[in-house]
Each structure stands twice: as C-alpha cells, then as structure tokens.
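As you go down the protein sequences, you meet chains F and U in turn. Numbers 5 to 113, taken from the working numbering, label the letters of the first sequence in order. Numbers 518 to 634, taken from the working numbering, label the letters of the second sequence in order.
Treat the hints as calculated values from the structure; they're not laboratory data. Glycine included, each C-beta is placed from N, C-alpha and C at the ideal position. Just so you know, not all the hints are guaranteed correct.
[Said to hold, decoys possible] Anything over 10 Å on all C-beta distances counts as not near chain F; from chain U, calculated: (1) D580; (2) G615; (3) A627.
[Said to hold, decoys possible] From the structure, some residues in chain U lie toward chain F, with a derived Cβ separation under 8 Å: (4) D547; (5) Y548; (6) R558; (7) G559; (8) F608; (9) Q623; (10) G628.
[What the hints assert, rightly or not] Quick look at which bits of chain F chain U covers, simulated, 3 or more residues with Cβ under 8 Å: (11) 73-82; (12) 102-112.
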Amino acid sequence: AQRVTQPEKLLSVFKGAPVELKCNYSYSGSPELFWYVQYSRQRLQLLLRHISRESIKGFTADLNKGETSFHLKKPFAQEEDSAMYYCALRSYNTDKLIFGTGTRLQVFP
Amino acid sequence: DAGVIQSPRHEVTEMGQEVTLRCKPISGHDYLFWYRQTMMRGLELLIYFNNNVPIDDSGMPEDRFSAKMPNASFSTLKIQPSEPRDSAVYFCASSSRGAQGAKNIQYFGAGTRLSVL
Chain F
5 AQRVTQPEKL LSVFKGAPVE LKCNYSYSGS PELFWYVQYS RQRLQLLLRH
55 ISRESIKGFT ADLNKGETSF HLKKPFAQEE DSAMYYCALR SYNTDKLIFG
105 TGTRLQVFP
Chain U
518 DAGVIQSPRH EVTEMGQEVT LRCKPISGHD YLFWYRQTMM RGLELLIYFN
568 NNVPIDDSGM PEDRFSAKMP NASFSTLKIQ PSEPRDSAVY FCASSSRGAQ
618 GAKNIQYFGA GTRLSVL
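The shape of chain F in the complex, shown without the other chains (with noise of 0.2 Å):
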C-alpha cells in the first residue's frame, strides 16, 4: 500500500538553526513527491516537487530512492518558515496526492 510517513508531529528550533523534516514514503514503483505548506489562516500551498529539482524559499528536497525518503531540508530557519508541512505522494496511474500526518515547524526568534 502506499503510504507517506511524517514522524515527528512538532519540530521547534532557533532562528538560524538548519532544519531538517523528515519524509519516508512507501511505493513499489517510481512515485512524484511534493511538499507542501500550510502557513497560519492561510491555504495549503506546493513549496516544492522533486521532479523540479529547485530551491524555494531556501528550502530543497532531495528524492532517495534507496531510503525511500524526501526529506526537507533549509540550512538557516527564518521565523517566517513556521508553518505546517506536509509531505505527499502521487503514483504514476492516478492524480490523487497521499498526505503524510504532516510536521508543525516553529522557528524562536
């Protein structure tokens, strides 16, 4: 079964600290992974796609494949990054995404 996995529920660290939320993903095939966040009283928005390969908001995501992994990572948090993260999943035979649980990122000034 297809499955994204989110451990951790909450993730604080201090402003200028690198931040790493992690992203493990169950697919037997070759899937499309995307983050995307939720910033307070705002809508879900796509932060980033593996397949683009970019950097948005210095944030980047790198797919392995060998751990089954899309973890996000930024090198320096800003307080403006605190939000929801989620990870999710699209195979290649439906357009429905799979959500992980999702990571609530607070950055301390």
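Once you've looked at the hints, dock chain U against the given chain F.
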C-alpha cells in the same frame, strides 16, 4: 483567477443536521478533489472527479457522505446526518493536465471549518 473558492468558511451545526459544503474550482481545471484535515489523521482524500465524473471515492467515510459535481464549475460535499466526529477542516483542490497529459499540481481552497455539536 481568484483560485479555488470554498463556502462557507465556517459552519457550526448540531448533530443530526444536514451539512453542505461548496467548491468552485479554478476555471479550466478538470480535476477536483475533496480532502478532510484532522489533527489525528492529517489530510485525507475523500473523493476526486475528472470532467465531473467521480473517479475514486474510496476515501469517503460512509454513506452519510456524498459528493456531486453537476458541472465544471461547481461541486458539493454533503453530510447527512452529521455527527460530532465529522468536525474537521474540509479542503477542495483542483488541477489540470498539461502538455501530453502531464499532471499538474493541485491548488487548494481556503477550506471550510466544520464543527458539529
């Protein structure tokens, strides 16, 4: 485009009442998705449509839930009768296919926060 529009933004109702949530997808998008967000389970897909036709409703919790898409610009999610455990934020999202059928990203609405007392 104003993006995906959901109404109402907040709904408070009593157990046993019928609740109808509404969604207007982005113009030109032919895929529409309904999700439910709870603290315990995160974001779960309930159902999605393509060209107004339901494609996958395996996430619909039970017969109390129903969804329709009468045309390309409108969808409803109905709960009848509602129960306290239905309290959650319900999101609608839409997307389209790009060149050569490439899947595009999903755009989300602001959500409807439902409280069933």
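So, going through the hints one by one against the coordinates:
1. D580: At roughly 21 Å from the nearest Cβ of chain F, D580/U sits farther out than 10 Å, so the non-interface label holds.
2. G615: For G615/U, whose nearest Cβ neighbour in chain F is about 12 Å away, the distance exceeds 10 Å, so it holds.
3. A627: The claim breaks: A627/U does not keep its Cβ more than 10 Å from every Cβ of chain F (closest is about 5 Å).
4. D547: 10 Å, violated
5. Y548: 6 Å, holds
6. R558: Result: holds, 7 Å to nearest chain F Cβ.
7. G559: 4 Å, holds
8. F608: Check passed: Cβ of F608/U comes within 7 Å of chain F, closer than 8 Å.
9. Q623: Since chain F brings a Cβ to about 6 Å from Q623/U, closer than 8 Å, the hint holds.
10. G628: Since chain F brings a Cβ to about 7 Å from G628/U, closer than 8 Å, the hint holds.
11. 73-82: It is violated: at least three residues are needed, and the stretch 73-82 of chain F offers just 0 whose Cβ sits closer than 8 Å to chain U.
12. 102-112: holds (count 5)
Of the numbered hints listed earlier, those contradicted by the structure are 3, 4 and 11.
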